[in-house]
Structure formats: structure tokens, C-alpha cells
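Protein chains in written order, with numbering that gives the first Met the number 0: chain A, 0 to 499; chain B, 0 to 59.
Any given hint could be a false lead.
As the list claims (entries may be wrong) - Calculated pairs, DSBU-like style, for lysine-lysine (alpha carbon to alpha carbon, straight line, at most 35 Å):
id, chain 1, residue 1, chain 2, residue 2
1, A, K347, B, K26
2, A, K436, A, K102
3, A, K265, A, K401
4, A, K436, A, K223
5, A, K223, A, K233
6, A, K223, B, K26
7, A, K87, A, K97
8, A, K22, B, K53
9, B, K53, A, K352
10, B, K53, A, K265
11, B, K26, A, K87
Unchecked claim - If you want the footprint, here are the derived chain A segments under chain B, 3+ residues with CB under 8 Å:
id, stretch
12, 182-191
13, 312-320
Note that these hints are calculated values from the structure, not bench results.
The beta-carbon is built from N, C-alpha and C at its ideal position, and this holds for glycine as well.
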Amino acid sequence: MNTEQQSHQTQSGSEFEREPVPKSALLGFKSFIGMYAGEHCAGTELMIGPLFVAAGVSAFDLVAGLLLGNALAVLSWMFLCAPIATRKRLTLYYQLEKICGRKLVTLYNLANGVMFCFLAGAMVTVSATAVGVWFKFNMPGLNDLYPNSIGWVVAVAVVGGLIAIVAAYGYQTVAKFANVAAPWMVLVFLVFGFVGLRQFIEATGTEVGSMGDLWGLAKTEIWKGGPPQEGQVKFTFWHVTFFAWFCNMAMHIGMSDLSVFRFARKSWYAIASSAGMYVGHFMAWISASILYAYQLHLNPADTDVLPGPLAYRAAGLVGLLCVIIAGWTTANPTIYRAGLAFQALAPKSSRFKVTLITGAIATIAGMFPAIAMKLLDFVALYGLVLMPMGAVIFVDFWLIRKFGLQSYYAELSKRAFNWAAGLAWLVTLSICLVLVKLAWIIDKLVNWDVFTMSDKVQWIKDTFTVQIFFVSLPGWFVAALLYTVLSKIYQKKLRPVAAE
Amino acid sequence: MRIILQIISLLALIALTLPSVIFLAGKMELNMVKWLMLVATIVWFVTATPWMWKDNSTEA
Numbered sequence: 000m001n002t003e004q005q006s007h008q009t010q011s012g013s014e015f016e017r018e019p020v021p022k023s024a025l026l027g028f029k030s031f032i033g034m035y036a037g038e039h040c041a042g043t044e045l046m047i048g049p050l051f052v053a054a055g056v057s058a059f060d061l062v063a064g065l066l067l068g069n070a071l072a073v074l075s076w077m078f079l080c081a082p083i084a085t086r087k088r089l090t091l092y093y094q095l096e097k098i099c100g101r102k103l104v105t106l107y108n109l110a111n112g113v114m115f116c117f118l119a120g121a122m123v124t125v126s127a128t129a130v131g132v133w134f135k136f137n138m139p140g141l142n143d144l145y146p147n148s149i150g151w152v153v154a155v156a157v158v159g160g161l162i163a164i165v166a167a168y169g170y171q172t173v174a175k176f177a178n179v180a181a182p183w184m185v186l187v188f189l190v191f192g193f194v195g196l197r198q199f200i201e202a203t204g205t206e207v208g209s210m211g212d213l214w215g216l217a218k219t220e221i222w223k224g225g226p227p228q229e230g231q232v233k234f235t236f237w238h239v240t241f242f243a244w245f246c247n248m249a250m251h252i253g254m255s256d257l258s259v260f261r262f263a264r265k266s267w268y269a270i271a272s273s274a275g276m277y278v279g280h281f282m283a284w285i286s287a288s289i290l291y292a293y294q295l296h297l298n299p300a301d302t303d304v305l306p307g308p309l310a311y312r313a314a315g316l317v318g319l320l321c322v323i324i325a326g327w328t329t330a331n332p333t334i335y336r337a338g339l340a341f342q343a344l345a346p347k348s349s350r351f352k353v354t355l356i357t358g359a360i361a362t363i364a365g366m367f368p369a370i371a372m373k374l375l376d377f378v379a380l381y382g383l384v385l386m387p388m389g390a391v392i393f394v395d396f397w398l399i400r401k402f403g404l405q406s407y408y409a410e411l412s413k414r415a416f417n418w419a420a421g422l423a424w425l426v427t428l429s430i431c432l433v434l435v436k437l438a439w440i441i442d443k444l445v446n447w448d449v450f451t452m453s454d455k456v457q458w459i460k461d462t463f464t465v466q467i468f469f470v471s472l473p474g475w476f477v478a479a480l481l482y483t484v485l486s487k488i489y490q491k492k493l494r495p496v497a498a499e
Numbered sequence: 000m001r002i003i004l005q006i007i008s009l010l011a012l013i014a015l016t017l018p019s020v021i022f023l024a025g026k027m028e029l030n031m032v033k034w035l036m037l038v039a040t041i042v043w044f045v046t047a048t049p050w051m052w053k054d055n056s057t058e059a
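Take the sequences, apply the hints, and build the full model.
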């Protein structure tokens with residue numbers, strides 16, 4: 000997950016907020032390499048890797064899926080986000096304000112803030128699992144939705160409270176500390192992989208003399224495939240590919256990183272994101288997944304995904320430190336940024352108080368393990384919620400004038416709420432969520448005797464229900480089409496003064 | 000001074016990783032790996048913080 004990056008957005012976002020970045024402020028390629036390489040090793044990587052194993056992924060599906068999915072993510076940054084960023088050189092929010100109007104951007108901020116809050120909650124959960132290693136209280140299991148011990152609630156409250164207070168008092172200090180910790184953290188993740196691999200070699204008595212032997216061990220012992228753990232969705236090659244592609248969807252296809260790449264001299268600098276993808280979303284996920292696979296190898300009944308104990312087993316105290324620091328340094332900017340998003344709703348409120356309240360919400364969210372244990376689904380939802388606005392920006396920049404319509408319509412017409420963009424966002428989200436929940440909706444309607452389960456209804460259920468990991472791709476085209484069609488209607492109805 | 004701190008912190012990162020490679024090769028005990036990693040971690044944060052903190056301030 001790229002959350003540390005948000006800190007950069009916040010820092011850089013304080014400059015040139017309402018004007019294009021001037022040539023004198025542009026950054027070289029190396030700045031982006033460093034930024035992405037260090038910043039995709041977050042606390043949540045320690046959950047995602049194990050959850051792949053819990054989803055019954057096989058070795059080929061994992062490795063090939065991550066290679067392809069991460070490549071698609073890099074291409075999305077290069078060909079969707081960066082070309083617009085380097086041509087306009089505006090922040091996401093200013094660009095959105097020109098297209099959508101101030102009120103719609105406020106609504107977008109609210110959605111963004113809520114998602115950040117829950118994401119920060121998952122990071123607090125990750126850090127709190129390290130506390131459990133010391134204090135030995137009951138920690139949540141893979142399918143737990145609610146807190147299951149007083150010790151857990153207290154640990155999350157203390158960890159989350161501290162993170163919130165530090166974020167409110169000294170956000171910049173933690174951001175600097177995160178930069179110091181980044182190279183160390185990346186290497187600790189690598190160590191997790193090496194140690195886990197050796198533990199597997201010893202536990203299985205495998206002789207590894209070549210890459211072929213290693214691959215054999217990976218296929219037969221580490222990522223064996225087969226059915227997922229109870230309550231988990233089975234992950235195939237396509238699940239892994241789409242998850243790796245879309246887990247940062249808000250940033251590339253959703254265009255959040257317009258705020259980052261507006262500082263790039265050339266749009267191809269976005270290839271720097273590959274450093275982050277293949278360090279954080281390849282190496283770190285694989286390493287973390289090996290630790291969990293080893294836990295299952297030792298005791299197949301021990302299905303708990305708890306980064307603290309996993310890291311402690313592999314690297315002792317350093318592993319625990321890594322879990323705490325990874326969770327803390329990534330929750331910090333996330334809470335701060337969620338606070339900024341909420342503050343946009345009430346600009347006169349104190350930044351300190353808003354950050355504290357945001358941290359408190361994230362802490363309460365962190366007490367519920369449902370978010371962390373269902374992190375794969377939550378991350379997919381996070382991308383889905385913000386994706387339609389990326390499609391709106393794409394169409395507004397590249398296509399809308401080809402249809403004889405106005406770009407930056409809210410600015411031209413002085414509207415505070417562009418209904419074409421607003422409806423494109425909300426209708427797309429509704430369609431996608433209905434498709435994801437279609438099987439559940441049909442079952443409910445059948446239970447309520449609204450209609451009977453005929454062959455045709457069953458066919459509709461089987462054919463049109465889409466898992467959340469895949470729905471964002473058709474959703475992007477729906478959003479783009481809706482924005483174009485609705486703009487055609489809306490702009491005819493409300494001709495801007497400038498156009499007349 | 001800065002260059003010395005940079006060299007020591009680089010060595011700390013090597014010391015952090017190398018024991019696990021030796022463990023992977025089956026030539027070191029895991030407990031020893033954990034201790035060496037802890038020492039390397041302390042050295043990293045002590046020596047990298049002064050120069051990296053300064054670099055960050057300059058960038059900001």
C-alpha cells in the first residue's frame with residue numbers, strides 16, 4: 000500500500016496548491032525512484048502477503064500474477080496519470096475543483112477521509128499485534144469481526160492513541176523518521192523472506208541445490224494452492240494480477256498522484272513507481288507470505304494472521320520493531336491526511352483537534368479486526384470508491400472537447416457542483432456495488448418471495464455477479480461513458496457564459 | 000564526519016542483511032542472526048538519523 004506517499008503529497012501539496020508547478024520547482028528522476036522505492040513497504044504489507052496464502056494461492060499464480068499486476072500498475076501511472084500531471088501540473092484537488100466544482104470536491108474529500116480513516120485503523124491493528132507478543136493477551140483470529148479480548152482493546156487504544164497524538168503534535172517529525180526507517184524496513188522485509196525460506200528448507204528436509212529445487216519447494220510446500228481458509232475467497236492468477244494492479248488504483252487510475260507527478264520533468268518518470276511496486280508489492284508481499292505459510296506448515300490449525308508473532312518468530316525483537324514502525328510511520332500520514340480531508344469540510348476547525356478526532360476514529364476502527372482481516376477486500380473497495388473520479392479527469396482532459404463539450408466545466412460555468420461528474424461517480428459506484436452484491440441481493444429477494452429462483456434468475460446470478468477485485472475495470476469504462484453522456488445533457492442545459 | 004556516518008550506516012545495512020543470507024545457506028544459527036540484526040538496527044538508527052534527518056530538512 001502506498002500510504003507514506005501521501006505524506007509527500009501533503010508536504011508537496013502545501014506548495015503551488017492553486018497554480019501550476021513552475022519549471023524551477025520540477026524534480027529529477029532520482030527523486031521519484033527514492034520516494035516510491037522506500038514508501039511501498041507499509042505495515043499493511045505484513046497483512047496482505049499472509050492473506051494471499053490464506054486465500055489458497057499457488058506459487059505460479061502468486062509470482063506471475065504479481066509480476067503482471069505490478070507491471071500494469073506501473074503502466075497505469077505512466078500512461079494514465081503522469082501525462083496529465085506533467086501537462087497541467089496541478090494538484091488533484093485543484094484539477095477536480097475546476098471540473099467538478101467546490102461542493103463535489105468536498106464530498107470527494109469526505110469519501111477520501113473516511114477511507115483513509117479505516118486504512119489507518121488497519122495499520123493500528125498491525126502495530127497492536129506486536130504488543131500482543133509481549134503482553135500475551137488474546138488476539139483476533141482470521142475470521143473475527145469484533146474485538147475478542149480486553150487486552151486487545153486496550154492495546155489498540157494505547158497504540159492508536161499514541162499514533163494520533165504524535166500525528167497531531169509532530170506530523171513532520173514522524174514523516175522524517177519514516178524516511179530514516181525506510182531503507183532499514185525494506186531490508187528487514189527481505190530478511191523475513193530469507194529466514195522463512197531457510198525455516199521451510201529445514202522443516203521439510205528439502206535439499207536445495209538449484210533454482211529448480213527452490214521452485215519445487217515453493218510449489219509443494221509454501222504456496223501449495225488448493226482451497227482457501229474458511230471465510231476467504233480463493234485467489235487465482237487473475238485475482239493476484241488484478242489485486243496488484245488495483246491496490247493503488249486510487250493513486251494511478253484514480254489520479255491521486257497527479258499531485259506527485261506534477262513535479263516531474265517528463266511523464267516517463269512515472270516508471271519510477273516500478274521501484275516501489277517490485278520492492279513493496281512483490282518482495283515484501285512474498286516475504287510476508289512465506290512467514291505465514293511457515294506458521295501453517297508448523298500448525299495447519301493456526302490460521303491467525305498476526306504480523307507481530309509472525310515477525311517475532313523470524314527476526315526476534317527487530318521483527319517486532321519493524322511491525323510497530325511500519326504500522327506507525329504509515330498510519331501517521333494516513334491519519335494526518337484524513338484529518339486534512341475532514342478539515343476541508345470545516346475549514347475554521349483546529350488542525351490539531353481534527354487530527355486527534357480522526358485518530359480516535361481510526362483507533363476505534365482498528366479495534367475491529369474485520370478491516371485488517373478483510374484487507375484484500377477493503378483495499379479493492381478503497382480503489383473502487385475513488386476510481387470514477389479518475390475516469391472523469393481522464394475524459395475531461397483527453398476526450399470531452401472531441402465531443403464538442405467544455406473541459407473544466409464547473410470553473411467555466413461557475414457551478415459548485417457539476418452534476419454530470421457527480422452522477423458519473425455515484426451511479427458508477429452504485430452499479431459496481433450492485434454487481435458485487437448481486438448474488439446476495441438475488442438470494443434476499445428470493446427469500447422474501449419477491450420472485451422464485453428460476454433457471455433464468457440463477458443464470459443472471461451466476462453470470463453478472465462480479466467479485467470486488469475485478470469490478471473496477473468495467474467500472475472505469477462505465478464512469479467514462481456516463482460522464483461523457485451526462486455532460487452532453489448537462490452542458491446543453493446549462494451553457495457556460497464563456498461558451499456562449 | 001558526515002561521510003563517516005554514511006559509511007557506518009551503509010555497513011549497518013549490510014550487517015542487517017548478511018546474517019540472514021548466511022542463515023539461508025545453513026551456516027549460522029537463527030538466534031545469532033537475531034542478535035546481529037538487533038545490533039545492526041541500533042547502529043543504523045544511531046548513525047543514519049543525523050545525516051538523513053538533515054537531508055530531509057534540506058529537501059523540505
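Hints, verified against the model:
Our distance criterion of 35 Å between C-alpha atoms is broken by A:K347 and B:K26, whose separation comes to about 62 Å. A C-alpha spacing of about 29 Å is found between A:K436 and A:K102, which places the hinted pair at or below 35 Å, so the restraint holds. For the proposed pair A:K265 and A:K401, the alpha carbon gap of about 25 Å is at most 35 Å, so the pair holds. Our distance criterion of 35 Å between C-alpha atoms is met by A:K436 and A:K223, whose separation comes to about 30 Å.
Restraint check for A:K223 and A:K233: the C-alpha separation of about 12 Å stays at or below 35 Å, so the hint holds. As the CA atoms of A:K223 and B:K26 are separated by approximately 28 Å, the hinted pair is consistent with the 35 Å bound. About 12 Å separates the Cα atoms of A:K87 and A:K97, which keeps this hinted pair within 35 Å; it holds. Using a Cα cut-off of 35 Å, the hinted pair A:K22 and B:K53 holds, with the two alpha carbons roughly 25 Å apart.
With a C-alpha separation of about 29 Å, the suggested pair B:K53 and A:K352 falls inside the 35 Å cut-off, and the hint holds. A hinted pair counts as satisfied when its Cα atoms are at most 35 Å apart, and B:K53 with A:K265 qualifies at roughly 28 Å. A threshold of 35 Å between alpha carbons decides the hint, and for B:K26 with A:K87 the separation of about 56 Å lies outside it, so the pair is violated. Counting residues of the stretch 182-191 of chain A whose CB lies closer than 8 Å to any CB of chain B gives 6, so the stated coverage by that chain holds, three being the minimum.
Here's how the stretch 312-320 of chain A fares: 5 of its residues keep a CB closer than 8 Å to some CB of chain B, so the rule of at least three is met and the hint holds.
Hint check: violations occur at hints 1 and 11; the rest are consistent with the structure.
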